[in-house]
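All chains should be built: construct the whole structure from the sequences, respecting the hints.
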Amino acid sequence: MAVESEQPRWLLYCAALVVMEVIVLVVWTLVVLLRRWRGKEDKDAETHPKGSGASGPGPAQEGDRSKGHLVIVNAAPCGPKGQSSRSDCMEATEFDSGICHGAWLCIHKPTNDPERIASGDYPYADHFHTRKRLWEFRLQLKFREPVDGEVIFGCEQDRYYHVPTVEKYISSTVIGLLRTAAGDAMYQTHGDDPRHVRGETERPQIMFPLWVMDQLIVSEEGEEPPDLTDPEFSSFGVLRAEDRRKHREVLKRMEFRPGPTFTFGFWCIAQFVDAIGWKVPARGVIPQVKLNEIGTHPPCYITMYALRPQEEWSNVQGKRDTRHLDSRKIYIWRVALWSSLLPPESNREQELLSKGATDMKKEASPGRNSLSRRGNGWCCAGFEDGCR
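Under this note's numbering, the first residue of the sequence shown carries the number 1, and numbering increases by one thereafter.
Everything labelled a hint here was simulated from the structure, so no lab data went into it.
Be careful, since some hints might not be right.
Cβ pair distances, simulated, as ranges [claimed, not checked]:
1) A282 / E221: 42 to 52 Å
2) V285 / Q188: 17 to 27 Å
3) E312 / R144: 34 to 44 Å
4) R320 / G149: 12 to 22 Å
5) E220 / E242: 19 to 29 Å
6) S354 / Q271: 32 to 42 Å
7) Y161 / E223: 40 to 50 Å
Derived DSS-like pairs (lysine-lysine); straight-line CA-CA distance at most 30 Å [unchecked claim]:
8) K81 / K279
9) K142 / K246
10) K329 / K142
11) K168 / K290
12) K279 / K329
13) K319 / K142
14) K319 / K329
Backbone N, C-alpha and C fix where the C-beta goes; we use that ideal spot for every residue, glycine too.
Below, the structure is given as structure tokens:
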């Protein structure tokens, strides 16, 4: 007797998942279109304000913003406070975090001006023009003290932002792209909602192991380190693209210590994120995603830090508490970043760009970092720049 074949359950399960994803994508698309329509209305209202009491632009002039560039500024505990640069600057910017000092350079294609990109007439065009990457960070470090523990590199948020369910689902697609580019060792969190978490809260962040760096140059003491603006910079040192396994092993074994100068180049995820446009460009079936629509609001912080030994952690909430709280970090380098086309709130922009007295609190409190020394290392406890 013939036996009727039954459809495998896993096939029905997969079909249901596909249908759910389609529904979520449709809902998300409608939400995005509605928000953009409302945003256009708000923009029109700003362009043609009613009455004479409308406030003008923040520290950057409106005409300057229309050109489109990144604003990057030293953020606590890094000084000099308020020292800033742009993504089209032809000079590196110095910093000092206490535990180390050095310089950084951020360069970005003028992605808001396709005609200019096509012409090849923009800063660093000789370097960028035939490459897919949209931007690049270059960083040079010289340490005063050795750093113990794993050093990681990535992006932090200024504070917690609520990300609705649909946007969180869509952001998982973007995070998946980044994870594919950077590997499974990536650390990502939407942060702690201060309304529901007692004590110190974790800020939203996405961090990568140091081996995602695309370029490494180690200049021993007495040797001249490379100029970050050198036209031949991309040919120096060990490149990840040439030998991924060797590059990864070198970075995993590397120890940060006084003496050498460590120079890095990073562009690993640079084809996935247009920072000037504050968006993830469309890729295949994945539509364009605005970063502020998935919870990434200006300013964000590009940072490098190591976590303290667990026995030094405070605000521990259970055995599974492995959060990257500010009080658990030893910051090595940190800058605030935003697009001139989408700046932070005016008062926050002025705070970060101010070169006056430091905004560190006189009395350090848990989770707020001011630079202080402990034993043979440096720590950050009490800074106000990014902890609001």
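For each hint, the structure was consulted:
{"no.": "1", "hint": "A282 / E221: 42 to 52 Å", "result": "holds, 48 Å"}
{"no.": "2", "hint": "V285 / Q188: 17 to 27 Å", "result": "holds, 23 Å"}
{"no.": "3", "hint": "E312 / R144: 34 to 44 Å", "result": "violated, 20 Å"}
{"no.": "4", "hint": "R320 / G149: 12 to 22 Å", "result": "holds, 20 Å"}
{"no.": "5", "hint": "E220 / E242: 19 to 29 Å", "result": "holds, 22 Å"}
{"no.": "6", "hint": "S354 / Q271: 32 to 42 Å", "result": "holds, 34 Å"}
{"no.": "7", "hint": "Y161 / E223: 40 to 50 Å", "result": "holds, 44 Å"}
{"no.": "8", "hint": "K81 / K279", "result": "holds, 28 Å"}
{"no.": "9", "hint": "K142 / K246", "result": "holds, 23 Å"}
{"no.": "10", "hint": "K329 / K142", "result": "holds, 19 Å"}
{"no.": "11", "hint": "K168 / K290", "result": "holds, 13 Å"}
{"no.": "12", "hint": "K279 / K329", "result": "holds, 28 Å"}
{"no.": "13", "hint": "K319 / K142", "result": "violated, 36 Å"}
{"no.": "14", "hint": "K319 / K329", "result": "holds, 19 Å"}
In summary, the structure is inconsistent with hints 3 and 13 from the numbered list given earlier, while agreeing with the others.
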